[in-house]
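Residue-level listing of the chains:
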Amino acid sequence: MKESKRILTAEDIKRVLSRLTHQIIERNPDPQELMLIGIQTRGVYLAERIQQLIQEIEKVPVSLGVLDITLYRDDLTTIGPKPVVRETKIAEDINNKVVILIDDVLFTGRTVRAALDEIMDFGRPKRVELLVLIDRGHRELPIRADFVGKNIPTSKQEIVEVKLMEADKIDEVMVTIQDHSQD
Amino acid sequence: MQKHAEKWTKKHILDIASLSREEIEIVLSLATSFKEISERDVKKVPALRGKTIVNLFFENSTRTRTSFELAAKRISADVVNFSSSSSSLTKGETIVDTIKTLEAYHPDIMVIRINSSAALYCLKKFTQASIVNAGDGKHEHPTQALLDMFTVKEIKTTLEGLNVLIVGDILHSRVARSNIFGFQKFGSSVTVCAPPTLLPFNYGQSGAILTSDLDQVLPKADVIIMLRIQKERQGGLFLPTIREYVRDFAMTEERFSKLKKDCLILHPGPINWDVEIVSSLKHKVHPRILQQAENGLAVRMATLYLVGTKQK
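Which chain is which? The protein sequence lines are A and B, in order. Count the first sequence with my numbering and you get residues 65 to 247, in order. Count the second sequence with my numbering and you get residues 72 to 383, in order.
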């Protein structure tokens, strides 16, 4: 038995990203200091959208990077099928930039830990701020987000699924409750 | 993310013959991602942190060993090099005893080069570690074939339907064998060309086409792999003179002019200029051959990563 609930619609996601963009600009008045870094794969799409939004508002180009954290995971030798190693592309100098690290869902915080380690290998940013579309709680590391699209209190059994046009042909966020009563 | 996960089940990489097309594709696609790491300022990722890799070279090698060593270091493994010239082998220790001794240090991966063909199938019984074949006698050299395939794919964008021509000392060549197996798995046709004395008559069953007439097969080739004439293995019995070999089998200006325009020339190195390829073609063919070396690093990072992170 599975039960799915839509938490955000396409319209909601659009409004949320617009608000998050304004929050980034409010906190970082110099957009040329910014570097958006999306975590593969849905974080990248969110980063691209936010880049677009900032550029529309500020009329200056904002740099964008792509990060795959697979090789920095702490469970590489224990997980079953190996996750695909995707592209990492930080083309511009990261030193003294304000990095906005972007991911779709913040859960245990382990992905963000890996991303921070990887970013530090590319240089010394002035500051790193974290943006997530969904914060679902259940942290296993002392990590918090600076910009949150929506807080969704969940149980560990629930699955949060962010679907984005670029990969899933639809914009929505679903929470699926897995009913274990029959197990 | 499960649906995007890669299925890798092999503990060892001993040959190309037993790898499936899908497994080769996993290595090649991983190598694409690994290549970028070497372009970074900090050329290191922590993927194999805490793992120990032994480079065990019973046969001399600088290039392959250096490539494996650097590959291991770039994914944060600890590496020790062990080569026959400086080892206890010269003091009379057997190969099995050497492996057992190294086994006592609990290595995770052993990268082995050895002059006995297919010896690794036996040696793997004496260690818990994963074994990666870095060349075993006249048998196989899987990472060389993988890097050749990677380079061809990078430039030609596909490995399917190509005419691959391998020229040189086919008889003694493990590189030729691995490439014959590899390219055929993608539906490419492989022709091997050598003087009759260096052409193994029983290669017919491998599916490769055998010939000693280079000029006839040259114009059809999409990819040509020129093998090194291993002077140390000749002993004067296989080739009358080097000059005769050059006349019939070297890539000369004249032969070069008969190639397809986009024909890709590869060479596993080290090159004997004016034996396999005339030196006046250096500026045309060398860049691709150096690209092969760069790709070798990425491919070896990928293979070490795959066997090194395999679930116990």
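Check the hints yourself; a few may be wrong.
[To be verified] Beta-carbon label-pair distances, calculated as ranges:
id : chain 1 : residue 1 : chain 2 : residue 2 : range
1  : A       : I121      : B       : D149      : 47 to 53 Å
2  : B       : I313      : A       : P125      : 23 to 29 Å
3  : B       : P341      : A       : T142      : 37 to 43 Å
4  : B       : P341      : A       : I121      : 31 to 37 Å
These aren't lab readings, by the way, just hints derived from the structure by calculation. C-beta: ideal position from N, C-alpha, C; glycine also.
Hint check results:
no.: 1; hint: A/I121 x B/D149: 47 to 53 Å; result: 50 Å, holds
no.: 2; hint: B/I313 x A/P125: 23 to 29 Å; result: 59 Å, violated
no.: 3; hint: B/P341 x A/T142: 37 to 43 Å; result: 41 Å, holds
no.: 4; hint: B/P341 x A/I121: 31 to 37 Å; result: 58 Å, violated
Taken one by one, the earlier hints fail for this structure at numbers 2 and 4, listed in ascending order.
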